[in-house]
Amino acid sequence: MKNMTTQFPGEESNGLAEPSSHSGNDPFDLSRLRLSQDFEATTRTSKLLTTVPVRRPDPQTFFRVHPNDAYQMETAVLEHHEDRETYLVDSSLWPQIRSEIIPKVLYTAITRQDTLFIWPVRLEASDGRLDTWNRSAHLAAREAKKGWVRMTSNRERGAYDVLLPEAHYPDPEWPRMTFEEILRIAFRDHFIRDLDHPVIKRLQGRH
Amino acid sequence: MRLDDFSEVWCVDFEFGVSPGERPRPICLVAYELHSQKRLRLWQDELQRLEGPPYGLDGRCLFVAYYASAELGCHLSLGWPLPAAVLDLYAEFRNLTNGRNLLCGTSLLGALAFYGLPSVEAREKDDMRMLALRGGPWTKSEQAALLEYCETDVQAVVTLLQRMAPTLDLPRALWRGQYMGAAARIEATGIPIDREGLFLLREHWTEIQDDLITTIDADFGVYEAGSFRHHHFERWLCDHKIPWPCLASGKLALDEETFRDMARQYPMLEPLRQLRASLAQLRLSDLSVGKDGRNRCLLSAYRAKTGRNQPSTSQFIFGPAVWLRSLIQPRPGCGLAYVDWSQQEFGIAAYLSGDPAMIEAYESGDPYLAFAVQAGAAPPDATKTSHGTVREHFKACALAVLYGMGAEALAVRIGKPTPYGRELLRLHRRTYPKFWRWSDAAVQFALNTGRIHTVFGWTLHVGPKPNTRSLRNFPMQANGAEMLRVACCLATERGIAVCAPIHDALLIEAPLESLDETVAATQQAMAEASAAVLGGPRLRSEARLVRYPDRYMDERGEAMWNTVMHILHKITEGRSICI
Chain R
5 MKNMTTQFPG
15 EESNGLAEPS
25 SHSGNDPFDL
35 SRLRLSQDFE
45 ATTRTSKLLT
55 TVPVRRPDPQ
65 TFFRVHPNDA
75 YQMETAVLEH
85 HEDRETYLVD
95 SSLWPQIRSE
105 IIPKVLYTAI
115 TRQDTLFIWP
125 VRLEASDGRL
135 DTWNRSAHLA
145 AREAKKGWVR
155 MTSNRERGAY
165 DVLLPEAHYP
175 DPEWPRMTFE
185 EILRIAFRDH
195 FIRDLDHPVI
205 KRLQGRH
Chain X
86 MRLDDFSEVW
96 CVDFEFGVSP
106 GERPRPICLV
116 AYELHSQKRL
126 RLWQDELQRL
136 EGPPYGLDGR
146 CLFVAYYASA
156 ELGCHLSLGW
166 PLPAAVLDLY
176 AEFRNLTNGR
186 NLLCGTSLLG
196 ALAFYGLPSV
206 EAREKDDMRM
216 LALRGGPWTK
226 SEQAALLEYC
236 ETDVQAVVTL
246 LQRMAPTLDL
256 PRALWRGQYM
266 GAAARIEATG
276 IPIDREGLFL
286 LREHWTEIQD
296 DLITTIDADF
306 GVYEAGSFRH
316 HHFERWLCDH
326 KIPWPCLASG
336 KLALDEETFR
346 DMARQYPMLE
356 PLRQLRASLA
366 QLRLSDLSVG
376 KDGRNRCLLS
386 AYRAKTGRNQ
396 PSTSQFIFGP
406 AVWLRSLIQP
416 RPGCGLAYVD
426 WSQQEFGIAA
436 YLSGDPAMIE
446 AYESGDPYLA
456 FAVQAGAAPP
466 DATKTSHGTV
476 REHFKACALA
486 VLYGMGAEAL
496 AVRIGKPTPY
506 GRELLRLHRR
516 TYPKFWRWSD
526 AAVQFALNTG
536 RIHTVFGWTL
546 HVGPKPNTRS
556 LRNFPMQANG
566 AEMLRVACCL
576 ATERGIAVCA
586 PIHDALLIEA
596 PLESLDETVA
606 ATQQAMAEAS
616 AAVLGGPRLR
626 SEARLVRYPD
636 RYMDERGEAM
646 WNTVMHILHK
656 ITEGRSICI
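Going down the list, the sequences are from chains R and X.
Numbering of the first sequence is given in our numbering, commencing with residue 5 and proceeding in unit increments.
Numbering of the second sequence is given in our numbering, commencing with residue 86 and proceeding in unit increments.
No lab work stands behind these hints, which were simulated from the structure alone.
In silico lysine-lysine, DSS-like type, Cα no more than 25 Å apart, as pairs:
(1) X/K225 / X/K123
(2) X/K225 / X/K210
(3) X/K480 / X/K519
(4) R/K149 / X/K519
(5) X/K480 / X/K469
(6) R/K150 / X/K519
Where chain R lies over chain X, by a calculated footprint (3+ residues, C-beta under 8 Å):
(7) 254-260
(8) 459-465
(9) 514-526
For clarity, every value in this text was computed on a predicted model and none was experimentally measured.
We put the beta carbon where it would ideally sit given N, CA and C, even for glycine.
Can you make the complete structure from the sequences, with help from the hints?
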């Protein structure tokens, strides 16, 4: 700050004395006094992702699908209807439980509330057939790679409608994880690696 | 930087008399130099004979006092320059204990008690204060007693300094001390008041109140025999289908904050709110106006937890009902300007958090409309006219976030059900994620470390029951206070007559011929102050000019002022003030 140079209207004297020159450092150089307001630097935390649901997008929630193909995988899953659970099945078992598994693409998706989830969508059968529900779901996934969408059932058409937001929403912040890391969390307790898995035993009437 | 770096360290205390609205009248001075142990005792006649202070003022000499603006005010009264380096142990004690419960308060005696240091009896201190305030002439023994008492205060400052010195953050302490010089100048300048108008209001206030009730209550019918009747008000609310917040007891909440919120939603209530506020709070006799027609009172620097000034709400013209501010009138040949930062808190939040969308919104010139556009609630070509209501809602949300307000309170503010408030807050979180990470981190930092600080070190200590809303609010409010202090220092040191600092504004005065130039210089000082606090970026400011014979007018109080003046005109049959 500078010394006062202008006389104050209506006041006899209110000047500052000459600033010190003894130290060569201006004690009132505010830029030298400034303390950081980066509170994040000392409190920085990262959210530990402990759960990744495996499900269809909620019809009332806008979502995005990871645009990088490295974050999707064609595989086979087992859907246990009684428990409403989806299991990832080790490929070595596929020939032995072919009738129980369904070929699906696992898409990595995220909601506007930053909830990461795995979205399985059925793949074409070996004869190339695919119902209109799943065909429209793949189209929705393709749109969701480009922007936010919402997906609702249209029973009359037998397919999903894809809704786009009127507003421009900013892109999501994807967690800094590999697809493999995400899958490990999503299927931590839902991975079938041998035929002695309780779900297989139950389906085969072995207990 | 240490105390030993100064060639002289002067602990100084004045005894002085002061009447309401007047500048201090020095009675005696005692000063003690720490290194040489030199002691000075000067009575008022000796002080007046001096051309300047009997101690050095340059940056090699440190001036130490407890609540230095009083001592510096005496300097100004004596026509002495101000010291270049000021250490105010009051500001440092406040900073050290801000947020903590103090058994003995923040007076000099309280600070001594805090450290377990000996002090004079409080009763003896009061007796001496009364003797000083009584005014002269004083007998020889009274003079000796006052000088002796003044010396005990200096000794107390010396003892306190020695105790506090090892923990002082001296470079920032000197910055805080420098502001006490600006505060002294501002207190000395004061706010020009229409004395005749104030005299008439004081003289006829009882009659005016009766007439005000009759005039304003004609639209409400809620007063009976001069008293506000709850059941009449309930009926009026039912007739006008206005839902009103209730207390747990089921009775209407009639506190000032509720009335203010409701009047925002239902502007028809504003006259009634102002009437209630005026009748309940207004004590015109408390307004401190000196013989020269200037409103002067202690700014109470560093009194608020955020470090803001906290002048008496009854003595300071900006304290009581807003319509009373129309008593502010420049002197003949002069003008006033109320210069405030545009959306100061939004700007502070944007730049300190570094949120790019928030910065973009601030730099758009209308951050509230920009927020609505960014959140997708308004098209990119929206204007204040085309999307006025949307803008108002997003403005309320943006401000609510900065004040730590929840969804329910925000919904009340915008007159909508709670889900609307919740949705707006959700949109804010989505639109400004970096700001929220920073704000959350600020709260976490405070909880982790037990304190949170501003860019220049003003600190709030976290107590056993932390209020996270206050902690979240602190960076905006307290850095806003720092910004105002820098602006006050820059403006006063450049010779600008600052009449008052008001939250995020400066009221300045200048001769009419140089008013525009002075406003530009003030805005320049405020821009520099914002750059100092924000580390580069500058906040915009706006100025409202008042040229004599016009008077200052706050639009929120204009209708009430006109009503009061109309009544006064009737009472005095034309003798009232020219409006």
